[in-house]
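Protein chains in written order, with my numbering: chain A, 1 to 416; chain B, 1 to 273.
Be aware that a few hints might be false.
Claimed, not checked - Computed footprint of chain B on chain A; a stretch qualifies when at least three of its residues, placed anywhere within it, have a C-beta under 8 Å from a C-beta of chain B: (1) 15–26; (2) 111–122; (3) 204–215; (4) 258–265; (5) 363–369.
For the record, the hints were derived by calculation from the structure and aren't laboratory data. Backbone N, C-alpha and C fix where the C-beta goes; we use that ideal spot for every residue, glycine too.
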Amino acid sequence: MTIDKFIRRLTSLGLAITLFIFIAAYSIIGTVLPQGLQREFYIESYPSLGSIITTLQFDQVYSSWIFRILLFLFIVNLSGCTLRILPGQLKKMNKDHFPKPKLDGDNLRAENMDLQKFRGILEKKRYAIVEDEKGFKASKHRIGNIGSSVTHLGIIIIILGSFVGNIFAQEGFFNMLPGDIKGFPEYGFSLRLDDFRLGFRDNGTVDQYYSDVTVLRPGGEQFGDTMWVNNPLKVDKVDFFQTSYGWASSLSILGPDGDEENGLLRNGESYFYQPGHLTVYLYGYFPNMTLTSQGEPLTMTEQELNPYYAVILYEFGNHVASEILEPGQELQYKDYTLIFQDSELYTGITYRRDFGYIFVMLGSFLMTLGLIFSFYFYPKHIQVEENSIRTITRQNTWGFDYQVKQMVQQSTGKEE
Amino acid sequence: MDLVYFEELMFTLAFGGYTLSAVVFFVFVAMKKDKVGKAAIGLTLFGFGIHTVAIILRVIESGRLPFTNQFEFATSFAWGIVLCYLVLHFAYRFTGVGAFVMPIAFLVMGYASMLPKEIKPLMPALQSGWLYLHVGTAVISYGSFAVAAGLAAMYIIGERQKATGDGRTVLPKSEVCDYLSYRVIAFGYLMLTLVIVTGAIWAKYAWSRYWAWDPKETWSLITWLIYSVYIHLRFNRGWKGKPAAWFAVIGFISVIFTFIGVNNILPSIHSYR
Ligand code: HEM
Chain A
1 MTIDKFIRRL TSLGLAITLF IFIAAYSIIG TVLPQGLQRE FYIESYPSLG
51 SIITTLQFDQ VYSSWIFRIL LFLFIVNLSG CTLRILPGQL KKMNKDHFPK
101 PKLDGDNLRA ENMDLQKFRG ILEKKRYAIV EDEKGFKASK HRIGNIGSSV
151 THLGIIIIIL GSFVGNIFAQ EGFFNMLPGD IKGFPEYGFS LRLDDFRLGF
201 RDNGTVDQYY SDVTVLRPGG EQFGDTMWVN NPLKVDKVDF FQTSYGWASS
251 LSILGPDGDE ENGLLRNGES YFYQPGHLTV YLYGYFPNMT LTSQGEPLTM
301 TEQELNPYYA VILYEFGNHV ASEILEPGQE LQYKDYTLIF QDSELYTGIT
351 YRRDFGYIFV MLGSFLMTLG LIFSFYFYPK HIQVEENSIR TITRQNTWGF
401 DYQVKQMVQQ STGKEE
Chain B
1 MDLVYFEELM FTLAFGGYTL SAVVFFVFVA MKKDKVGKAA IGLTLFGFGI
51 HTVAIILRVI ESGRLPFTNQ FEFATSFAWG IVLCYLVLHF AYRFTGVGAF
101 VMPIAFLVMG YASMLPKEIK PLMPALQSGW LYLHVGTAVI SYGSFAVAAG
151 LAAMYIIGER QKATGDGRTV LPKSEVCDYL SYRVIAFGYL MLTLVIVTGA
201 IWAKYAWSRY WAWDPKETWS LITWLIYSVY IHLRFNRGWK GKPAAWFAVI
251 GFISVIFTFI GVNNILPSIH SYR
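Kindly produce the complete structure, drawing on both the sequences and the hints.
Have a look at this one:
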């Protein structure tokens, strides 16, 4: 294969369509198979296919090498193809260019039409008209020629922008209680959570989560803001997103000698108490508790109307007690006293810094603009001679003929 | 008076209107009588008007556009299909197309009628203006793809009739179905592009990531890729006729799967619960 031929293959539409199909097929696998789990899961769940799945990285389709290679080939293909077609398209943008009508195209000329009137209609519709020896040529929407290239460019920008953006993106997740300060030395500011609030509906369900924060800068400069779901906070180039919330409850353990240990537990967390070899597991804090028909505790709302703690106690790893406690209620085990109280809401915040987004937006804009050019501002040419009217367009041959026929009708003088 | 009661009544009437219109369209195609065609269009218009009232009632009850759960999207989807069909009808007056589009609207309405209709408050992630742009463009896009699939089915059947030599037909010329199907897909494709872009912007605001390969996102991309192949084959390889028509049908199956299949089969943060 010569280099020339290789390049032609690499930039061909045939390869593009093959890639479309592979990318789609590979993506489908990613939506059907659970992603990102342990190797063992696949080996156990799909005994005969497990090794194929992990070898071909079907367990992490979208970050797999195969997927990246497909996308890389796609970018090369699309860029190459666009570079190849662009010069021709630019030439067609030129006013002097007028394509040849198809030989077998219909002649739309009507017997009794008035060519002058027809020309007037075309002019009113903003066709550019050029005289020639046999009649005239009308053209409109030359911009449509580059529609596909604008779209292609947009897609290239989206893929490259998101790829490079993801390489450099920084992100993370953290929890905060009111009063906490989280420092971001790398960005030169800190975030203080002043308050975290739930917005309730009439029926007690949560409508919205609000984090009131203050941004602190080293110079003492500060400003406050509130974020909620769908209303992120932007500080310099970092975005903060209200993501989750939960309850943190304080646990006090009193020993026989009056010594005291304190811990802060979220639901599902445990506290190890060395002196008694006790593990205190907070199954959950239920601010408005009810019991299911199976006797499981459940909270009806997040309002603290009927608060209880479900606590499980282990000694040397063996289960010794399961209790439902009121706030402040003492749980005695041997010489030890456990108390849960003062539950507080904490907020969960995601942060992300990603300049790729700007490129994705720019690319999306170009992609959409290009589509509009291609589909609605497609090049329209009409060649008018003494005995014939012929249309030339690639995009919408039937529809354009239909429009021109209507204009021809109007210039027979029968209408209007 | 209870708005909910009227809404359900209007919905049911609209469903009935669409069902009847689909039947009458079939009769029209079989009997080839202009009057029957007019009646079918009249029934479609009636169904559409009542359906619009049902949707407006729901908007009044809930204080927002009906885009937020499976039922609401299904009813809007059916509405979008009929809207796109009517626009096409009044632009070109090909009455027969209804015989292929209205059954799709009927099926989507039927699906909607089986879903729970209660109005629930919006979960925080859905409380965004992007919701309306995102789902609004989806309604129009999916509606167009449905109409395009109807046109394609009509092309396939028209060709079959030609082959069997049944000359007299009220269906528009096959070539016209073929072209229109392409144009309608081009429009749906532009709208689908906007669905994906607005979805990405919204995801950025709500979840910090503009794209997360969630099954719903991925399937909308797959649908988009299928129609991308269609557009290129058509524009560059001069594909038309039967293969293109089958392709339009496959694209629409992907649309339906993205809408119904992903919600019910695949795990996703997008599936409305
Ligand atoms: C998902 C990615 C792509 C999108 C959204 C896209 C979009 C488009 C659009 C809208 C058109 C105009 C079609 C029309 O007017 O009906 C077009 C044309 C075209 N596309 Fe793509 N395209 C994509 C990828 C590719 C790739 C990878 C190739 C590589 C070979 C390619 C090659 C072409 C060619 C050769 C044309 C015809 C341009 C002309 O002759 O004016 N496209 N594309």
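A quick look at each hint next to the structure:
Closer than 8 Å: that is the beta-carbon criterion, and the stretch 15–26 of chain A has 6 residues meeting it against chain B, so the requirement of 3 holds. For the stretch 111–122 of chain A, the proposed coverage by chain B is not satisfied: 0 residues have a C-beta within less than 8 Å of a C-beta in that chain, short of the threshold of three. Coverage of a stretch by a chain is defined here by at least three residues with a beta carbon nearer than 8 Å to that chain's beta carbons; for the stretch 204–215 of chain A and chain B the count is 5, and the condition holds. A count of 0 residues in the stretch 258–265 of chain A with a Cβ less than 8 Å from any Cβ of chain B is obtained; the coverage claim is therefore unmet, three being the minimum.
Coverage of the stretch 363–369 of chain A by chain B holds. Counting CB-CB distances below 8 Å, 3 residues qualify, and the rule asks for three or more.
Taken one by one, the earlier hints fail for this structure at numbers 2 and 4, listed in ascending order.
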